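Asker: Single-letter residue listing:
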Amino acid sequence: MRLVGRRLRCVRGGREVFSDLDFSVLSGEALAVTGRNGAGKTSLLRLIAGLLVPAAGQVAVEGGSDELTTAEQAHYLGHRDALKPALSVRENLSFWRDFLGGARGDTLPALADVGLDHIAHLPAAYLSAGQRRRLSMARLLAVRRPIWLLDEPTSALDAAGQALFARLMDDHLRLGGLIVAATHAPLGIAVRDLRIGGPA
Amino acid sequence: MTALTALIRRDLHVALRVGGGALIGVLFFLTVVVLMPFAVGPDLALLKRLGPAILWLGALLASLLTLDRLFTADHDDGSLDLIVMSRTPLELACAAKALAHWLAAGVPLIVATPVLGLLLNLDGAATLAVALTLLAGTPALTLTGMIGAALAVTMHRGGLLLAVLVLPLSIPVLIFGVAASNAAISGADAFGAPFSILCALSLASLVIGPVAAAASLRHGLD
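These protein sequence lines are chains X and F, in that order. Residue 1 is where the first sequence starts when you use the numbering used here, and the numbers rise one by one after that. Residue 1 is where the second sequence starts when you use the numbering used here, and the numbers rise one by one after that.
None of these hints come from the bench; they were simulated from the model. Check before you lean on any hint, since a few could be wrong.
[Stated by the list, open to error] With the C-beta cut set under 8 Å, the calculated list includes, among others, these residues of chain F facing chain X:
1) 20
2) 91
3) 183
[As the list claims (entries may be wrong)] Stretch-level coverage of chain X by chain F, calculated; a stretch enters the list once three of its residues show a Cβ under 8 Å from a Cβ in chain F:
4) 34-41
5) 92-103
6) 174-182
[As the list claims (entries may be wrong)] Computed spacing ranges between beta-carbons, pair by pair:
7) F:5 x X:155: 31 to 41 Å
8) F:17 x X:105: 24 to 34 Å
9) X:115 x F:200: 52 to 62 Å
10) X:53 x F:39: 29 to 39 Å
11) X:186 x F:2: 30 to 40 Å
12) X:195 x F:5: 37 to 47 Å
13) F:128 x X:115: 34 to 44 Å
14) F:24 x X:195: 18 to 28 Å
15) F:218 x X:7: 31 to 41 Å
Note that the coordinates shown come from a computational prediction; the quantities given were computed from them, not determined experimentally. Every residue gets a Cβ at the ideal spot worked out from N, C-alpha and C, and that includes glycine.
Work out the full structure: start from the sequences and follow the hints.
Answerer: Spelled out as C-alpha cells, the structure:
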C-alpha cells in the first residue's frame with residue numbers, strides 16, 4: 001500500500017503553515033518529517049490522521065482497505081499520551097485495545113514487549129514520562145494498524161527505550177507497515193527525509 | 001459494540017475512582033439542598049412547597065458541575081483525538097459517553113433524593129414523585145449539557161461558557177420537571193401531561209444531543 005499526500009496546504013489560525021506539499025510513502029518505508037519548530041510537522045501528521053482539515057490538497061491511501069478512511073487505518077502517537085491517570089497500566093492498554101478493535105486476549109505480552117509488565121497494576125498517574133511513552137507504544141502493538149503516525153516518538157525515552165522503539169518500528173516495517181514520524185532526533189532505523197518549511 | 005462498552009466502562013471507572021467526578025456531583029447536590037433550609041428559615045410549609053424546585057435546581061447545578069469534564073478531560077490527555085480517529089462513529093461514542101456520565105453522575109443524584117427529601121419536609125410520596133421526575137429528566141440534562149461540553153472543548157473555554165450555553169437549554173426540563181413533581185404532590189393538576197413532556201424532552205435530546213455534540217467536535221478539530 002502507499003500513503004500519498006498531494007499539494008497539501010495547511011492554514012492554522014489564519015497563518016499559512018505550509019503549502020504545495022507532496023509526499024508518498026510505500027509499505028515498508030519510513031518517512032522522517034523534519035523542520036524547524038513551527039514548520040508544521042505536527043500539523044502534517046494531524047492532517048494525515050484526519051484531525052485537521054487541509055485548506056487544499058488531499059491525503060489518500062492507495063492499495064489499502066476501500067472501506068476504511070486513512071485515519072481508521074492509522075495509529076497516531078501524539079505529544080499527549082491518551083492515558084487516564086486513575087486507571088492502571090493494564091486497564092489503560094486494555095481499554096484502547098478494546099476500543100480500537102484489537103484482538104481480545106491478554107495485554108501482558110504487549111506490556112512485556114515495552115518492558116512494563118512488572119508494573120501492570122500501577123495506576124498510570126505514577127508513571128514517569130518515559131514509561132508513559134512506552135505504554136503508548138504498547139497501544140501500537142496491541143492493535144495492528146498499517147500506518148503509524150508518530151510525533152516525536154523517542155522524546156522522553158532513555159537509550160534502551162530508543163533502541164527498543166527502533167526495533168519495534170523495524171518489525172512494523174518488515175511486516176509491511178509504513179511510518180511517518182515527525183522528529184528532531186535520529187530514529188535508529190533507515191528513513192527517507194521530508195524537510196518542510198525551508199532550511200533551519 | 002465492544003468499543004462502546006469499553007468506552008462506557010472506562011468512563012465509569014474513571015468517574016468512580018478517587019478524584020473522579022461522580023462523588024463531587026452528589027456532594028454538591030447535598031450541599032445545595034442542605035443549605036436551603038438555613039436560607040429559607042424554619043418554615044416547614046414553605047420548605048415543603050419549595051422542595052421539588054430546590055431538588056431540581058440542585059440536580060441541575062450538580063450535573064452542570066460534572067459535565068464540564070465530559071470532553072475536556074479526554075481532550076487534554078489526547079484521548080479525544082483517538083476517539084475521533086477510530087472506526088466507531090463519533091455520534092455513538094458521544095452517546096456512550098453520555099450514558100456513562102448519566103450512570104456515574106445522574107443516577108447517584110436520584111438515589112440521594114429520598115434522603116434529601118427529609119430535609120425539605122417532603123413526605124414519602126412527594127419524594128418518590130421528585131425522584132421519578134428526576135429519573136425521567138436527568139438524561140435530558142446530560143444530553144443537552146453534552147452539546148455545551150462539546151462546544152466548550154472546541155473553543156478551549158470550559159466552566160463558565162458551559163453554564164451560559166447549557167442553562168437556557170435546560171429551562172424546559174426544569175419547568176416540566178418541577179411542574180410534574182408539584183402535580184404529583186398537590187394532586188390539583190394532571191401529572192401525566194408534564195411528565196410525558198419531560199419524557200419527550202429526554203427522548204428528543206437523546207436523538208439531537210449525540211449528533212450535535214459529534215458535529216461540534218468534528219467542526220472544532222484542531
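Asker: Does the structure break any of the earlier hints, and which numbers would those be?
Answerer: 2, 3, 4, 6, 10, 13, 14 and 15
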